[in-house]
Amino acid sequence: MSFFDGIGRRTSSFLEDAGGIATLVAESGTFIGRLRIRSTETVSQAYLLGVQSLAIVAITSLFTGMVFSFESAVQAVQYGFGNLVGGVVAFTAARELGPMLTGVVVAGRAGAAIAAELGSMVVTEQIEALQALGLSPVRMLVVPRLVGLVLMLPVLTIIADIIQVLGGMYMAQQYAHIGYESFIVSARQALTFPDVLKGLIKSAIFAVVIVAIGAHRGLSTRGGAAGVGVSTTAAVVASIIIIFVLNFALSYVLFGA
Amino acid sequence: MAERKIYARLENVGVRYGQKVVMQNLSLDIVEGAITCIIGLSGAGKSTILRLLNGLRRPDSGKVFVKGDDITNMRERDLIGLRRKIGFSFQFAALFDSLTIFENIALPLREHTKLSETEIAKIVTASLESVGLPNVEDRLPSELSGGMVKRAGFARAVITQPEIVLYDEPTTGLDPIITHLLTDLIVQLRTKLNSTAVVVSHDLESIYAMADYVAMLFEGAIIAYGTVDEVRASMNPIVQQFLQGSEVGPIPI
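Protein chains in written order, with my numbering: chain A, 18 to 274; chain B, 43 to 295.
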């Protein structure tokens with residue numbers, strides 16, 4: 018009985034969360050559609066969530082690009098395919114690693130920040146205060162974060178793509194003696210504009226996931242400081258898992274056909 | 043008694059928090075233009091009454107009316123419009139900690155009116171001075187004492203001159219001089235704007251000084267309601283024990 022009880026509760030909780038997130042996105046979409054966007058706050062959130070994530074995105078991208086190139090370049094040269102390494106690195110960075118890595122890193126940083134900030138506002142009655150003043154917390158708090166990150170995550174992804182390629186190029190030259198020119202030629206041959214564009218579409222979708230889950234968990238916070246901790250952890254874990262799953266699904270849809 | 047116009051009404055309201063029943067068949071009229079004070083033990087559900095009146099909390103049973111409109115199942119979108127007419131002074135102020143005191147108090151004016159920034163600045167400064175808080179506009183809430191934060195919260199609640207103001211323990215934790223100042227302000231606002239006020243408080247002195255009506259909440263129901271004199275003269279031993287602050291009596295401790 019308790020086993021089925023547990024399954025029932027988890028299913029109900031999952032559906033409740035999914036419904037809550039969908040409602041939040043729909044409500045935000047309504048405000049955005051009516052252009053009820055607080056521009057100053059949006060710019061501020063774009064800076065806090067996007068620009069301030071630049072360093073961590075750059076570092077993770079650099080080392081990922083370097084290790085990926087290092088592993089593939091040495092092997093490729095051994096089998097006589099050294100001239101393809103640039104293409105492989107650029108292709109993978111633009112289509113997969115760039116958007117996903119940036120999404121995961123930003124989910125850890127910005128997703129946690131959103132859940133923690135909104136959660137703290139719940140437990141200190143600031144969300145109720147907004148409602149009591151006749152203001153919608155979705156318009157005041159969620160929409161600026163959503164618009165800010167949807168604008169910034171693709172920008173971060175382009176930067177991540179470039180840094181990965183540069184890191185890969187350096188490692189290919191250092192360890193497999195593949196010249197910069199050969200690397201760039203290969204990258205330009207392999208990579209097409211639609212590949213980059215589809216990668217950016219993915220990252221915009223990841224931005225919606227990060228903000229929607231972070232905001233939903235934050236606004237659903239119950240209890241005091243411990244509740245904020247629970248919401249923050251749950252937001253980061255859920256965002257990262259969904260980004261991985263969604264990345265596969267989006268790759269299948271966008272590139273599979 | 044002269045005919046009283048009712049601003050808001052709770053009708054047979056029931057509220058539960060989990061398994062705990064906080065209110066059962068509670069009915070209460072809020073008279074327009076009057077100051078109604080709600081008294082009762084800590085945790086009795088007094089603050090919940092305020093949240094029912096502006097739709098922050100929906101009742102599990104019964105109905106809530108504001109200006110004759112049934113708001114019990116009103117959509118959130120419509121409640122947002124209604125709340126612009128209702129001020130709410132939170133027990134712990136609930137100021138937005140990322141905004142300065144000025145930005146906190148100016149927020150409802152910026153969002154709901156077309157006043158210029160100069161006009162808003164004038165109104166905010168005057169409002170802060172009226173609660174004894176000059177020259178704190180640029181400070182963050184974390185840089186003020188608890189009492190100062192509370193007064194800033196008070197100023198924010200009344201800045202748009204709402205039709206009704208709900209005060210959740212407005213004087214708790216304040217020194218006697220500021221308590222007196224805020225009590226006077228609540229009365230002045232009522233007189234000047236003919237606004238309605240509902241005050242949840244344990245501060246009996248202030249209540250006696252400002253209340254037109256007093257309602258006592260006990261075990262989920264209103265057990266006494268009337269003018270200050272009527273409630274003070276109540277023969278109900280629970281009311282008497284509460285007003286005298288006695289440990290001896292029917293109230294379980």
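Just so you know, the hints here were simulated from the structure itself, not pulled from any lab data.
Where hints are given, some of them may not hold.
With a straight-line Cα cutoff of 25 Å, these simulated DMTMM-like cross-link-like pairs (lysine to aspartate or glutamate) come out [claimed, not checked]: (1) B:K127 - A:E142; (2) B:K62 - B:E45; (3) B:K109 - B:E53; (4) B:K62 - A:E142; (5) B:K127 - A:E44; (6) B:K127 - A:E145; (7) B:K156 - B:D102; (8) B:K62 - B:D120; (9) B:K62 - A:E33; (10) B:K156 - A:E58; (11) B:K62 - A:D22; (12) B:K62 - A:E145; (13) B:K234 - B:E161; (14) B:K105 - A:E145; (15) B:K164 - B:E205; (16) B:K234 - B:E185.
How the hints compare with the structure:
1. A threshold of 25 Å between alpha carbons decides the hint, and for K127 of chain B with E142 of chain A the separation of about 20 Å falls inside it, so the pair holds.
2. Proximity of K62 of chain B to E45 of chain B is assessed by CA-CA distance (about 37 Å); at most 25 Å being required, the pair is judged violated.
3. With a CA separation close to 14 Å, the supplied pair K109 of chain B and E53 of chain B stays within the 25 Å bound.
4. A hinted pair counts as satisfied when its Cα atoms are at most 25 Å apart, and K62 of chain B with E142 of chain A qualifies at roughly 22 Å.
5. Taking the CA atoms of K127 of chain B and E44 of chain A, the gap is about 24 Å. The hint holds against a cut of 25 Å.
6. Pair hint K127 of chain B plus E145 of chain A holds up; C-alpha atoms about 16 Å apart against a cutoff of 25 Å.
7. For a cut-off of 25 Å, the pair hint linking K156 of chain B to D102 of chain B is broken: about 38 Å separates their Cα positions.
8. A hinted pair counts as satisfied when its Cα atoms are at most 25 Å apart, and K62 of chain B with D120 of chain B does not qualify at roughly 29 Å.
9. With a CA separation close to 23 Å, the supplied pair K62 of chain B and E33 of chain A stays within the 25 Å bound.
10. Taking the CA atoms of K156 of chain B and E58 of chain A, the gap is about 19 Å. The hint holds against a cut of 25 Å.
11. At most 25 Å may separate the alpha-carbon atoms for a hinted pair to count; K62 of chain B and D22 of chain A meet this at roughly 23 Å.
12. For the hint pairing K62 of chain B with E145 of chain A, the CA-to-CA distance comes to about 22 Å; that is within 25 Å, so the pair holds.
13. A hinted pair counts as satisfied when its Cα atoms are at most 25 Å apart, and K234 of chain B with E161 of chain B qualifies at roughly 20 Å.
14. Our distance criterion of 25 Å between C-alpha atoms is met by K105 of chain B and E145 of chain A, whose separation comes to about 21 Å.
15. Between the alpha carbons of K164 of chain B and E205 of chain B the distance comes to roughly 21 Å, so the proposed pair stays at or under 25 Å and holds.
16. For the hint linking K234 of chain B to E185 of chain B, the alpha-carbon distance of about 32 Å lies beyond 25 Å, and the restraint is violated.
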